[in-house]
Amino acid sequence: MVAIENIRSRGARKAASPSFATTRLLMWLMLLPAIVDYKPKGAQDWTTILYAILFVISACASFALIGQYRMRSNRGAMLAGIIALAFAAVTYTSGILRGQDEIALLRAMPPILLFSLGMFSAAALSNAPFPPEAIFNEIQKATGIGLLINLILVASITGIDFETIRYQVLTGGAPLVCASMIALLMFGGWRPWSIATSLLYASLVLISITRTHVVIAAVLVLFSLLFAGEKVIRGRALPLQILAVLALVGAVLVADAVLPTSPLERWTQRIFSAQEHHGYDITAVTRAGETGYQIGKLKESVPGLMFGYGASASNFYDGENARIIALLLGKKSAYWTETGVGHNNYVGTIYIGGIIFGGALLLLQVRSLLKSISIFRALKKHDLDAHRLASIASMPLGVVAFMAFGFLGGTMGSRSACLLFGLAIGFSFWIAKRLKTAS
Numbered sequence: 199m200v201a202i203e204n205i206r207s208r209g210a211r212k213a214a215s216p217s218f219a220t221t222r223l224l225m226w227l228m229l230l231p232a233i234v235d236y237k238p239k240g241a242q243d244w245t246t247i248l249y250a251i252l253f254v255i256s257a258c259a260s261f262a263l264i265g266q267y268r269m270r271s272n273r274g275a276m277l278a279g280i281i282a283l284a285f286a287a288v289t290y291t292s293g294i295l296r297g298q299d300e301i302a303l304l305r306a307m308p309p310i311l312l313f314s315l316g317m318f319s320a321a322a323l324s325n326a327p328f329p330p331e332a333i334f335n336e337i338q339k340a341t342g343i344g345l346l347i348n349l350i351l352v353a354s355i356t357g358i359d360f361e362t363i364r365y366q367v368l369t370g371g372a373p374l375v376c377a378s379m380i381a382l383l384m385f386g387g388w389r390p391w392s393i394a395t396s397l398l399y400a401s402l403v404l405i406s407i408t409r410t411h412v413v414i415a416a417v418l419v420l421f422s423l424l425f426a427g428e429k430v431i432r433g434r435a436l437p438l439q440i441l442a443v444l445a446l447v448g449a450v451l452v453a454d455a456v457l458p459t460s461p462l463e464r465w466t467q468r469i470f471s472a473q474e475h476h477g478y479d480i481t482a483v484t485r486a487g488e489t490g491y492q493i494g495k496l497k498e499s500v501p502g503l504m505f506g507y508g509a510s511a512s513n514f515y516d517g518e519n520a521r522i523i524a525l526l527l528g529k530k531s532a533y534w535t536e537t538g539v540g541h542n543n544y545v546g547t548i549y550i551g552g553i554i555f556g557g558a559l560l561l562l563q564v565r566s567l568l569k570s571i572s573i574f575r576a577l578k579k580h581d582l583d584a585h586r587l588a589s590i591a592s593m594p595l596g597v598v599a600f601m602a603f604g605f606l607g608g609t610m611g612s613r614s615a616c617l618l619f620g621l622a623i624g625f626s627f628w629i630a631k632r633l634k635t636a637s
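Start counting the sequence shown at 199; every next residue gets the next number (our numbering).
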């Protein structure tokens, strides 16, 4: 407890100094790939150039943070970043050896490299003389602004069609926004900017009919109750939790009445869509088909199993699911393909990087999940104010959110998801170490 409070008291005096302003600027530059993450349909030259520039700026800012603060006090994050770099090298080398297009490979590399840079940046910021919540709040603000910018870009470039809008309005970094929202809901400590960010996120989930984020939120609530239930139930946040639920129900009803297309009707259609497709859930069938194809490829080649098929490896559907998709959507849809990780982060990671380096990367993520559990158990022993508690809890919850997302989406294929996932892992190692020292 003493160690944590000492960090707060030292940092509180410096948080308003030019040094913090410089660090904050470097953090926002480092976070640019998470702030601007518009996903157009198909590869477009202007977005390739833009994201290459943002990647270079982010990398330079990360190196500046490392040069300013070093990484000596967070060796767990530093080692994790090195493992991610090795994984990136293997996926690139495997792709080259298998004759994959070099441009496609270069387009596939930034997310994996940002994952590593996120952990290195977290290792450096762990040495910064500022309170943890000052650092975490900047990350959360940047992620929320990223959602807003993405919404503006979608509205101005393609327009928003409430009948068809899906994943376009949610960036890959949205799971961290969900984690911050659930942390605030569980422990309290709301601020005007966090209320605005949470409302924006909840609204986008509502109008986009994205079941994945409902699952993520449910997992985070269950995780919080399971490992910090006593702190949640007995905390002062309970009245606010009830108020938040009532406000959410009211917002849904208002949106349903105001929007041109009823979100509730679309949610009903989405949940019961299997009835319209001979009992099949199209999303589940396509995900299973893609994963089945990847597993089949891993089984048929020892080098492929050991070292993967490369960062831009092609994905198809396996035979059985391809036949079902052809029956439901037509033969053309059954031969759909994309490249990279696909929509299951765990199988996809092995698919592109092999069981040796991909397995090491997945073990790293499992280790960070165990750290998140230990953090929540330790937080029950510390009497922290609500805002500080929610800020600290948001990082381990971010790890849980991205790992839950990994079962339903390709985390390693998203720039914003990789960068923020790397930061969440790196900071979770740091928080676990600090709490252990303080106990």
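If you are wondering where the hints come from, they were derived from the structure by calculation, not from laboratory data.
Hints may contain errors.
[Stated by the list, open to error] In silico DSSO-like cross-links for lysine-lysine, where the CA-CA straight-line distance does not exceed 30 Å:
(1) K529 x K579
(2) K339 x K631
(3) K339 x K579
Okay, the hints, checked on the actual structure:
no., hint, result
1, K529 x K579, "violated, 59 Å"
2, K339 x K631, "holds, 25 Å"
3, K339 x K579, "holds, 28 Å"
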